[in-house]
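Q: The residues making up each chain are set out below.
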Amino acid sequence: MKAITRREWISSAAATALTGCRKREPVKPSPVLIARAAYSQDLYDVVQRMLAELRLDVRGARVVLKPNLVEFDERTTINTHPVVVHAVLEALLALGAKEVRIAEGPGHRRNTWELAEAAGYFETVPQFEARFTDLNVDEVVPVTLDRPRSKLRRLYLPRTVLDCDWLVSLPKMKTHHWVGATLSMKNLFGVVPGAIYGWPKNLLHWAGIAECIADLHRLFTGGQKRPRLFALVDGVVGMEGDGPIHGVPKPVGALVAGYDLVAVDAACCRIMRIEPRKIPYLLLEARPGALEPEAIQEIGEPIRAFETPFELIPQFRSLRL
Amino acid sequence: MIEAIVSLQNRDGGWPYRRGGPSWAEPTAYALLALGDEAAAQQAVQRGREFLASLRRKDGGLAPHPAVEESTWVTALYILTNPAQPDQGALDWLLRRTGRESTLLHRVRMKLLGVRDEYEAAPPAWPWYPDTAAWLVPTAVTVLALRRVQRQRPDPRVEERIRQGQRFLLVRRCADGGWNHGASRALGFQSFSYPETTGLALVALAGTQPPQIERSLEMAERHLARCRSAEGIAWLEMGLRAHGRTPARVPEAPARTVMDLALRVLAQRAAERANPLLS
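Going down the list, the protein sequences come from chains A and H.
Following this note's numbering, the numbering of the first sequence begins with 1 at its first residue and continues without gaps.
Following this note's numbering, the numbering of the second sequence begins with 1001 at its first residue and continues without gaps.
One should not assume that every hint holds.
Said to hold, decoys possible - To list a few chain A residues with every Cβ distance to chain H over 12 Å, as calculated:
hint, residue
1, L54
2, A94
3, K98
4, T124
5, G194
6, P309
What the hints assert, rightly or not - One side only, chain H facing chain A, incomplete, derived with CB under 10 Å:
hint, residue
7, G1013
8, Y1017
9, R1018
10, P1022
11, W1024
12, A1063
13, E1070
14, Y1129
15, T1132
16, W1135
17, V1137
18, F1192
19, C1227
20, E1231
21, A1253
22, D1260
Think of the hints as simulated: they come from the structure by calculation, not from any bench.
Please read these numbers as outputs of a predicted model, since none were measured by experiment.
Built from N, CA and C at the ideal position, the CB exists for glycine as well.
Pulled out of the complex, with its shape left as it was, chain A reads as follows (with noise of 0.2 Å):
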């Protein structure tokens, strides 16, 4: 194990100053759509109203859905949710989609179904056990990255997440006791699969977080055929404090979405009053001038109708907006 603090805060300085150096240019705003929620029959409702609202075209697509599953604790809500799992399927069934399967490669247990069954996945998605796939045991490809952040120059990964037309991120909005906060691009984590890595992937870990957060998002939206990228986050319920474990639940009622997973993510660091200027993973990643609050195009309801503030371990108090 690994404490690198030091050398994120040396990244994260290093690339705020970066930023505050460049020529503002102005910024095109991404879409992000929020609506209240709550874990019932209406979220999907709600679901099928915002990906219509967003005109997510799936007609004749393959699409993956990757919830956050992490472990299993009935005292707190560590993972997405399966309703909000099971209302975006039913919604891009209901759209045109092809196929959706949901995949997911936790990061510390090694038995996927277990967790799936405890975290309440069969019980609520039909057909749960033909419907998904465990990344951590996939099929792999080896995928070379596009001008990586990170040391590596190489990944093995998922055929399923490869080869699907739409990939949709589906985390749990958290706090992160190594990045600050957890959301739609730290959820990519999950795509590397534990059968080469490990159970946890380590090597994501010492080849430096953020930047593997920012190598993962990169590969889906550096132009090469590979899969479109959507994300709705569940901050219904979302882990405030020692996340994305051991923190303790936060009511939010909000579920975020949009195309930009820069965008969602910094929107959602909003609603959780963390800067997402101080987030590492998004300064690598965000164009100049896009993580402004003006960058996202607020559609639904406003960021602050849902400003709730997330507890922060003392290490990450400095991210308190």
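With chain A's structure known, arrange chain H on it following the hints.
A: Positioned in the frame of chain A, the structure of chain H alone reads:
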């Protein structure tokens, strides 16, 4: 169950983690351990051994999958499946391997940076992937592999690494007495243990009487009472039996993976006092 395992073998001779998936070293090794010397399965066993051997790399280690060009922790499984005639190159590869956190270069660097390692007292152990830190599963499995080799032909180098591995497991034990993936605490916070890793660590500690083992066995019994995975149940049963405890009740759980099936067979063998992991 033997028939079920054989039926899941892929055409390349390896086994997938789950029906229809690609062949990987780990489920193949556990399938081979479960099939053992079953007369009806010897053809499948031979093909499985050939698949594992095909993953052997020039550096002596084993790749986890045919597409992967890197030797990893699965080298221990290769040794574990053939302890009587261990591949010397693979054994040497394993004995050279340590977690990156225990290298001199890393320790000096951390000292200079003023970063305190939460597990400074932990002896060298085994990582999942080269140049990363040591964790519980690769360490416990390597201890099992080295112990099988040691019983066949004692070697002080092997003995020393077994002891280091077992000490590592004890340093990484959670406050509740069990084990998780290998981080018993993070930022000072006590982490909780998992069923499968608690059982595995207990198997790797078989034959030792470490301090507070009773607490670990009690935790294993608590895990077993509410465990819902076939894999977790099998490891817990083996772990308890490895320390002379007979589980009062072994719960049922669906076998969803090759690992579930293979470990269930190994747990049955453990109940018959013939666990190949400890032979």
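Q: Against which earlier hints does the structure fall short, listed by number upward?
A: Violated hints (numbers, rising): 5 and 7; every other hint is consistent with the structure.
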